[in-house]
Each structure stands twice: as C-alpha cells, then as structure tokens.
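When you get a sec, could you build the whole thing from the sequences and use the hints?
Residue numbers (the working numbering), protein chains in the order written: chain A, 1 to 979; chain B, 1001 to 1161.
Among the hints, erroneous ones may be present.
[Stated by the list, open to error] Below, computed lysine-lysine pairings styled on DSS-like, alpha-carbon distance capped at 25 Å:
#: 1; chain 1: B; residue 1: Lys-1087; chain 2: A; residue 2: Lys-278
#: 2; chain 1: A; residue 1: Lys-298; chain 2: B; residue 2: Lys-1087
#: 3; chain 1: A; residue 1: Lys-275; chain 2: B; residue 2: Lys-1081
#: 4; chain 1: A; residue 1: Lys-790; chain 2: A; residue 2: Lys-350
#: 5; chain 1: A; residue 1: Lys-858; chain 2: B; residue 2: Lys-1108
#: 6; chain 1: B; residue 1: Lys-1108; chain 2: B; residue 2: Lys-1137
#: 7; chain 1: A; residue 1: Lys-264; chain 2: A; residue 2: Lys-274
#: 8; chain 1: A; residue 1: Lys-264; chain 2: A; residue 2: Lys-278
#: 9; chain 1: A; residue 1: Lys-858; chain 2: B; residue 2: Lys-1125
#: 10; chain 1: A; residue 1: Lys-298; chain 2: A; residue 2: Lys-287
#: 11; chain 1: A; residue 1: Lys-850; chain 2: B; residue 2: Lys-1125
#: 12; chain 1: B; residue 1: Lys-1045; chain 2: A; residue 2: Lys-852
#: 13; chain 1: B; residue 1: Lys-1149; chain 2: B; residue 2: Lys-1137
#: 14; chain 1: A; residue 1: Lys-275; chain 2: A; residue 2: Lys-264
#: 15; chain 1: A; residue 1: Lys-458; chain 2: B; residue 2: Lys-1087
#: 16; chain 1: B; residue 1: Lys-1045; chain 2: A; residue 2: Lys-858
#: 17; chain 1: B; residue 1: Lys-1099; chain 2: A; residue 2: Lys-789
#: 18; chain 1: A; residue 1: Lys-598; chain 2: B; residue 2: Lys-1099
Hints in this document: simulated from the structure, not taken from any laboratory.
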Amino acid sequence: MQASGSAADFMDGVRVSFPLRKLFLRNPHACRLREICRHEKPCRRNPVLGMHQLSKEATAGADAAAGIEIDGQVESDTESEEDEVKDKTPKKQPLRETGRASRLERKKQEKNKDDDESKEEDSCSQQNRASRRKNYQRKNSDGKKAGEEGSRQRERGKKAPTKEQKESENKARKTNKKGKEGENKQKTGRKNSTSSASSNSSDEESLSEEELAMLMEQVEQKKKLISTMRNKPWRMVKKLSVLREAQAFVEKFEGALGKGKGKKLYAYKMMMAKKWVKFKRDFDNFKTQCIPWEMKIKEVESHFGSSVASYFIFLRWMYGVNLVLFGLIFGLVIIPEVLMGMPYGSMPRKTVPRAEQARAMDFSVLWDFEGYIKYSALFYGYYNNQRTIGWLKYRLPMAYFMVGISVFGYSLMVVIRSMARNANESTADGDDDNFIFSWKMFTSWDYLIGNPETADNKFASITTSFKESIVDEQESNKDENIHLRRFLRVLANVLIICCLCGSGYLIYFVVKRSQTFSKMQNVGWYERNEVEIVMSLLGMFCPPLFETIAALENYHPRIGLKWQLGRIFALFLGNLYTFLLALMDDVNEKLAEEDVVKNITHWTLLGHHNSSVGNGSTATPPPLDPADVPRGPCWETTVGIEFVRLTVSDILVTYITILVGDFIRACFVRFVNYCWCWDLEAGFPSYAEFDISGNVLGLVFNQGMIWMGTFYAPGLMGINVLRLLTSMYFQCWAVMSSNVPHERVFKASKSNNFYMGLLLLILFLSLLPVAYTIMSLPPSFDCGPFSGKKRMYEVIQETIELDFPLFVAKIFSYVANPGLIIPAILLMVLAIYYLNAVAEAYQRANAELKKKMQMQRKEEKNKRSNKASTNPMLQDLEDLLTPSTKSESHSKQAEDNKIESPSRTSPVAKQGKAAALDGSPMTDGRGAAFTPPPHVFVTQPPTLGVWAPYPGHPRPRGHPLGPVPGRGRGQPRYSHAAR
Amino acid sequence: VYRLHGRYHEMAPNVVPMDYTKDPDVKLPMQLIINMPELKENPFKERIVESFSEGGEGSLSFNDFVDMFSVLSEMAPRELKAIYAFKIYDFNTDNFICKSDLEKTLNKLTREELTAEEITLVCEKVIEEADMDGDGKLGFADFENMISKAPDFLSTFHIRI
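In structure tokens, the structure reads:
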C-alpha cells in the first residue's frame, strides 16, 4: 500500500486528471472546513489563509485532496489507479485548459490576497511557531507532496500558453523535476511514518498545520522557481513577469514563516560562492597562461594538425622532465662541488696536464671538449673522492652516486606515470566515438573567440580536423587487393631490415677504423670525427629512405607513422649500441692502460717523497706541481666527452638540416619560383613537410644519450636543456615559416603513448650500460668521486658502515642477500603477470561492452525507423495497452525504484532524460506527451539508453546490466516527468 | 545586467534610453549586435542573433539581449543551451536540421575550404551518426541526444561578457 501510494503521488502531478476530478468532489468539504476554522479560532488564520489561497488556485483541489487523504488514512489511493486509467484519455484536453485558466486566476488573486494576509500573519505566526517547530518535519514531508502537485499543475498551466514551444518546455519541465527528485525521495521514505502519525492528531489542528506546511512549501516552490528561472527557455518578458511574481510571493511569506532569518547568511553564502567560482575561473585561466608555449603550439596545431602538435607537446614535456633532472644534478652535484670542493689547480685531477696547457684554451681544443673543459666540473673526472666536503660535511661521492641513480629513477617514474595517465585518458574518452562528425560540426566552434587572429586559427584548425576525420573515414572504408598489399609489405620490411643491417655494419666498421686512427698520430679532422659524421649521415638519409619504402605499404598515415618510428628507432638503436660496444672496447683498452699508469704514478710519487725525505728536512716536501703528476686516462671522462660530442654534433646536424633542408629550400622555392622553368611550389622541390617521425625519434634518441652520458658528464644535462629550449623556438619558427602541412593531414592518436613507449624503451636500454659500469667496472684510480674504490657502488656500503648505526648495516646485508632478492624478484614478476592478466580481462570486457552498445544503437535505429512509419497506429495501440503494461510493471518498478534510487547518479539521469526525449518522437506531438505516466523513477545504467519501443512488449531479457526488464514504451518519459 | 545594459546602450547610444523604468519598446537591428567584439568573429553570429530575437528577423530588444547572454553564460544548463544551439544551427527554421543546414554550418565553420565531395561526405556522416529516427534529418531529439554526450559542448557554447 505504501509503495503504491507513494508512486501514485508521483503520478498525481502529471496525471492531474485524478486530483482534478477529486477537486470537484472535495471542494465543498474544504470550504466547510475553512469556515469552521475561521469561526473557531481567530489566531488560526494563517492556515485559513493558506486555504484561501489554495481554493483560489486550481491547485488547491489537488492539495486539499492530498491533505485530506492523509488525514483520512489514505483511503482512495488504490482506487485511484483504476480511476486514472479510465479518466485520463478523455480528460486530457479539458485538463490543460483548466490548468491554464487556473494559472491566470491565481495570478490575479494572489495580489488581492497578499494584502490581508500580511496583516494577519504577524498575530498568527508567534503562536503558531512553537507547534510548527514541533511538527515541522512531518508536515514538511506531507506538505511537500501536496505542494509538489500544485507546482506541477502550475507548471502545466504555464506550459499551455506557449504551445509552439511545447517541445522544448517539456524538457525544461523535466529539468526542474530532476532537481526535485531528491525531495521526492525523502518524501517517499517519510510518508510511511507520517501518515499514521497525522491521523492521530485532531482533525482541525492537523488540517491547519497541513495548510501551514503547504504555505511553506509554496514558498519553497517559488524560491526554487526563482533559482531555476534562468533554465527555462522562455522569452525574457515572460521570465521577468513570473520572476517578479514569485519574488513578491517569497518576500511576503518568508518573514511569516520564519525562514527569512538566514537571509543575510544566505546572501553572503551566495556571494562567496560566486566569488569562489570566479576565482576558480581566473585561476584556471592563469594556469593555462602559465603553460609555456601553449599559444605557440596551438598555432602550430591549427595549421598543421594534431600530429605535428603532438611532437611539440612531447618536446615540451621532455623539456619539463629535463629541467627537473637538471635542477637535481645542478643543485646537488655541480653547485656543491664548485662552492665547497677544492678549487681548480689544487689537485692533479683538477688541473690541465703540463703537456696540454699550451693549447688548452684554443678554440679547436675546447670544441672537442678537451683542454680546460675536460678538467672542469662538467665531467666526471673533476670530482674528488673526499668523503665529505666543505663545512656542511656534504658527502659528495655519495650525492653523486645517488643523483646518478635518481636521474634514472625519476625519469622512469615520470614516463610510466604519464603513460598510465594517457592510457586512462584514452580509455576514458575512447568509447563514445559515435558522433565524431556531429560533434565536430556542432561543438567545435568556440563561442568565446573574439580575436580575429584566433578566429583564423580556429577556422584553420576546424578545417584540418575535418580533413583528419575525413581521412580516417576514407581509410576505414577502403578495401583493395589484399595479396598485393601483403606482398608489398613483406617486401618493404625485408628492404628495411637490409638497410638496418647495412647501417649497423657500417657503424661498426667505422668505429673499428676510428680506433686504429686513434692510435695513429696526426690524423686529420675527418678521421677524428668519422664516427659522428657517419652516424649523422645515416640519421639524415635513412629516414627518408624508409619513408620511400614505406610508401609501398600504403598504411593509414597514423599507423604508417608508427611503423616509421619503429624502424628509425631500430636504426638509431643499432647505431647507439654499436657505438656503445665500440666505446666498451675503448674503455677496456683504457683500463689496461690505466694499470700501467698507476704503477708509474705510484713510483713517481714515491720517488718524489723519497727525495724529499732523503734531504733530511722536516719541512713538508716541496709540492709537486699537480700539472706534472702523471695520470691515468680516466675512462669515465673519455666516455663523457664522447657523449657530449655526440650530443653537440647531433644538435648541430639537426639545426643545419632544418636550416638548409627546410628554410633555404623554402626560400629557394619561394623566390626562384618567379623565374623558373616549372612550378617549383607544386612540382619537384616544393616545400618541405614537417618530418614528425624523424624529429620525435631524434628527440628520443638524444634523450637516451643524455641519460647514458649524464653519469659521466653531469654538465650534459645543462647542454640538453639548452638544446630543447632553443629547438622549441627554432623548430616552431621553422615549421611556421618554411613547412607546409602534410598532404593528408591525419589526427594523432590522443595520447602520445607511442612516443612514451619509445622513450621508456630507450630509457631502459640506456640504463643497462650505466648499470653495468657501476656494478662491474672498476672506476679510474685517480679521477672522479669514486677513485680508490674497487667498484662505484661501494660508496653506499661505505656510507652505511660509517654513518649509520650498526644494525642498519646488518639489516642491509641481510636484505642484499641473494636468497631474499630472488624471491622478491619472483614476486614482482608474479604481480606483474597478475596485473597484466587483470588488465587484459578488463580490456576484453570493455571491448565487449562497446560492441554491445553499438549493436544496441543499430537496433534502436532500426526500431525507430520502423516506429516512425507506423506511428499513428501505434499510438492508439499504446493507449489501449497501457493499463496492462502498467499494472504489470508497476509494483516491480516501485521496488526497483526504492532500491536503486539512492545510487542513481547524474549521468544516469541525463541518459534517462535523453531517452525520455527520444521516447517522444516529434511526430506524435502533443498527444504523446500526455499519455499515461508510470509511477516510477527510471533506474537505468548509463550505458543503456535503450528501451523497448513497443508498449506491452517486454524488453528482451538477457540484456546486459538492464535492471528493469519489461518496461513499456512510454514509460521512461513519464518517470522523468514525474520527478 | 548592468554591464549588459551598458553594452547594449553603448551600441546605439542615441536609441537606447539609460533607464528602463518606463518600459520603452526599443529594438536594435542585427547589424549593430553582430558587430559586438564577442560576436564579431563568430561564424554563426547572424543565426545567433536571429534565434534570440523575438520576431525572428534579427533585431533584439533589451530583454532578448539579456536573454541571449543568459543562455550563453556558463551558468545556463546544458539542456537550455542545447535548445538554443539547435535553433542556431537550424538555418531555415523548420525545426529540423537538414542537409542544407549542415552544409551551411560546415561552410561557415571552414570558410568554404572543403571540397564539395568532402562536404557531402561529412554531411552524410553526420546524418548517419546522429539521426536516430531515420528520417534523413535531425530533429531536436536527435540533436539533444547527440549534444548531451558531447564532451566539450558546454565549454565551447558560451560567451563571456
């Protein structure tokens, strides 16, 4: 009874026919009651006033009916259902008329009524207040319901005059309902308890309190109206008039009901809320302004499409990461060393050897990072192996080691995190790609744009984005000779693998040769720089070659870009690793050499010492000039120098390529075009396109070298930061000035996860050699922070042993035990495996759901098209069938409603609403809008905006996640209307 | 509102009175409105103004003017915006967005830089995507359904004044 009763209340609002019919029956009764009240107790005028007003309004009927029903133990609810069913069809039209009439009437009378009310309020309100407080809760709930009905009628009344806007207003009404649904829910819950309670109280009093509550409710109502006013698509004139009316009403009654007390506070709150919103907006603007190069990138994006922009975004991201790393290294290693370490010239490792001093400042020497630069804080060899330096007792070797490790740690963390975030994003908005073109069409213009230049950009970007989508679309529709294409692809891959092998061998060959060169004296500039030159040349010529080959394959540009990236990556990787192997050879050689030098040094020092002792003087031996001390080759510095040189040459090659390949070419094409035999712009040289793959790869590769080299040359990071900074501006300029957009502009995948993947790979690969040198090569004996130790990582052990209490060392030794480490690794592998499996399962489920959704959409489309054709007939059918549908679904849905309504979320409501709108096809017009309402909320999961379109036909079972099976056609719409 | 009135007044100081207590019936022609800096660059400015004007011919009274900016403010709810967006994109005011409307929209958006085939392709795709009832044009229900799922409709469909 309760459940159905509450449900009936909901529908009362919409199916006004029933209360209205009751109104005619009950109105005399209500009038009688009112008279009694007036005669008996003057101080109870307030409720009477409420009654006044109510009786004047058409809504009063409904209100009174509801109120009395509660007093009289809710007699008529059950009967109501049957009544309604019979009544509603014939009554539709008159009802609307009444609603409209009532509204007009109400307006008129409100004004009259207001006058006497204000007088009486004062006297009544004080006496009433106490009792009102006590019963407030209960009444509120009861009254709310009543008021709700009234309001619905009122809204209906309002709706009627603007018939041509019916469609839209219908919706607006629903919006309001949505706002009220929370209230409704409460009411449902409370009503159970209150209906019995109210029956106990005396007839008269309960009635009066009833009225009071109703009044209160109406004030609430008006307030709500005011607040939602702007949401209604009325003409301003109408809004204004309604608003004024409502405001007047609220002002009148608010004081009387004691609700205006919080007014100031409320106003204050509102003001603060507004301020806060504004502040947030400003702050957001500020934040976007703070993103560096945002405008530049946007500009590039609008002209060249998102793929080119993705490169720049990647570049920017890299710059950020490198800046952090640079801060780390600079702040924790270089600055302390420069400030607190021993000054230049105080030690052999910090001094240029005597033999080189003459030429140490020559530019050519400096350009090779020899001379003074070699013996500066930029390189590993400069650092001292003193355990602590300066008055801070800064443990430099320790810091050096930790920073070297944490550079990798931080990079790993950042890359992985951003990958995860990208993956999240791509799954988050990947699933609603149903309306690509429509969204582009209707939502791409940003109405905020007011600046001609931005508008130009926006036009360009919209055009490009349309083109991108068109390319995508065409690509997906294409089908060709599969065998030929497969053959071509295989061929292309074979060719590319050949290229890769060839270049790998070439590099190996060159490196070998350079080793022989390095043993010979007086070699020329070419011989010395052969490796760099060959590598740069390879980097310049291979990618275009690959691109030519890739043209055979005929992939979609986006996929093609990935292949291209992968191939060039393999090329670079080969280069890098051959380079590294050659370097390793070099290092081993140096290590052998070092042993020899070590002895020499030892003997020299010993001899020097002996000679001073032999003199017999107690004074300190005359210091041997640090420049004269023989020293080892210091392989770490050599490696560092190699990396720095490679980086610098890479930078130069990149810039020169841009300058020559793009800018000069563009200038040539542009200006020579006036006096040339053929059209240069359209013909052979034309303008260059921006080479995304090459640039991205260059960036990634470069970053790998930086990671590798940083351990040996802390200054490398600074060079890199500079490089990224300049290349940002330089490339932006070059792109805008001398490149043309791709012929087939294509959209970059939303997340540049592919770039990140490459970066991660190279990070890992560059971690390997560094880890190898740290763990298994002995550091040089006379240079660098780890000199004198057997292995570099010993610095940690040393610190633990000397600076921590004993038990830490003990724990550490336990933890480092292989017996513990191997299980830990195993555990990690297991965890990874498990997580991977889970992720895969999720993905599969996701794909499945997507597929289902698409199926549903199609189905729905079909059904709709069917329905559109047979609509009028169905309309009749629907009317006939509804009773049975409703009675069947009624109780079930009421239950569902109770259970699920708390968990409903806004998207659901939205979805449901969309569904509701769709449920009333344009063609049925008014008639459909007033067909029988259900008694329920829609409790639909957001993914399932599908409903069975035929009344009485239960929705197909086995529908995924559909909690409310068997719902008839018209119902979702009404359930919304009922909110 | 004061600011709005200021702006409204600014546009035609000789026509618009400063105080509205007497409820004068003043309308501004479309030409003045669309030259507002906020609207100047908008490809749909004429449509915007037309759909907010009471008579549909493009001249706005102050009420309409306020109405326009209240709909385009960021406080307005999605549904309301959708209604007016629909009106704006419905060029021939037949309560449907049909192909010619789409073509016009597209041309305005891209400054007619797409080829004819591309335009037809896009229009067909749009209809195919969003048309739920299969009548070859978009009714408001279709439009609303589509727009309610669009991620950046709210962020783009507003004007700050």
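Structure-based check of each hint:
Between B/Lys-1087 and A/Lys-278 the alpha-carbon distance is near 29 Å, which puts this suggested pair outside the 25 Å criterion. Of the pairs offered as hints, the one joining A/Lys-298 and B/Lys-1087 is violated, with about 30 Å between alpha carbons and a cut-off of 25 Å exceeded. For the given pair, A/Lys-275 sits about 24 Å from B/Lys-1081 by alpha-carbon distance, which is consistent with the 25 Å threshold. For the hint linking A/Lys-790 to A/Lys-350, the alpha-carbon distance of about 22 Å falls within 25 Å, and the restraint holds.
Of the supplied pair hints, the one linking A/Lys-858 and B/Lys-1108 is violated, its CA atoms being roughly 31 Å apart against a limit of 25 Å. For the hint linking B/Lys-1108 to B/Lys-1137, the alpha-carbon distance of about 19 Å falls within 25 Å, and the restraint holds. Annotation: proposed proximity of A/Lys-264 to A/Lys-274 holds, straight-line Cα distance about 15 Å (limit 25 Å). The hinted pair formed by A/Lys-264 and A/Lys-278 meets the criterion: a straight-line CA distance of about 21 Å does not exceed 25 Å.
Only pairs whose Cα atoms come within 25 Å are accepted, and A/Lys-858 paired with B/Lys-1125 is accepted, the gap being roughly 15 Å. Note on A/Lys-298 and A/Lys-287: the hinted pairing holds, with a Cα-Cα distance of about 16 Å set against a maximum of 25 Å. At most 25 Å may separate the alpha-carbon atoms for a hinted pair to count; A/Lys-850 and B/Lys-1125 meet this at roughly 20 Å. For the proposed pair B/Lys-1045 and A/Lys-852, the alpha carbon gap of about 41 Å is over 25 Å, so the pair is violated.
Proposed proximity of B/Lys-1149 and B/Lys-1137 is supported: the alpha carbons are some 19 Å apart, at most 25 Å. For the given pair, A/Lys-275 sits about 16 Å from A/Lys-264 by alpha-carbon distance, which is consistent with the 25 Å threshold. For a cut-off of 25 Å, the pair hint linking A/Lys-458 to B/Lys-1087 stands: about 23 Å separates their Cα positions. Of the pairs offered as hints, the one joining B/Lys-1045 and A/Lys-858 is violated, with about 36 Å between alpha carbons and a cut-off of 25 Å exceeded.
Annotation: proposed proximity of B/Lys-1099 to A/Lys-789 is violated, straight-line Cα distance about 79 Å (limit 25 Å). Straight-line distance between C-alpha atoms of A/Lys-598 and B/Lys-1099 comes to about 86 Å, which puts the hinted pair past the 25 Å bound.
Going through the hint list in order, the structure does not satisfy hints 1, 2, 5, 12, 16, 17 and 18.
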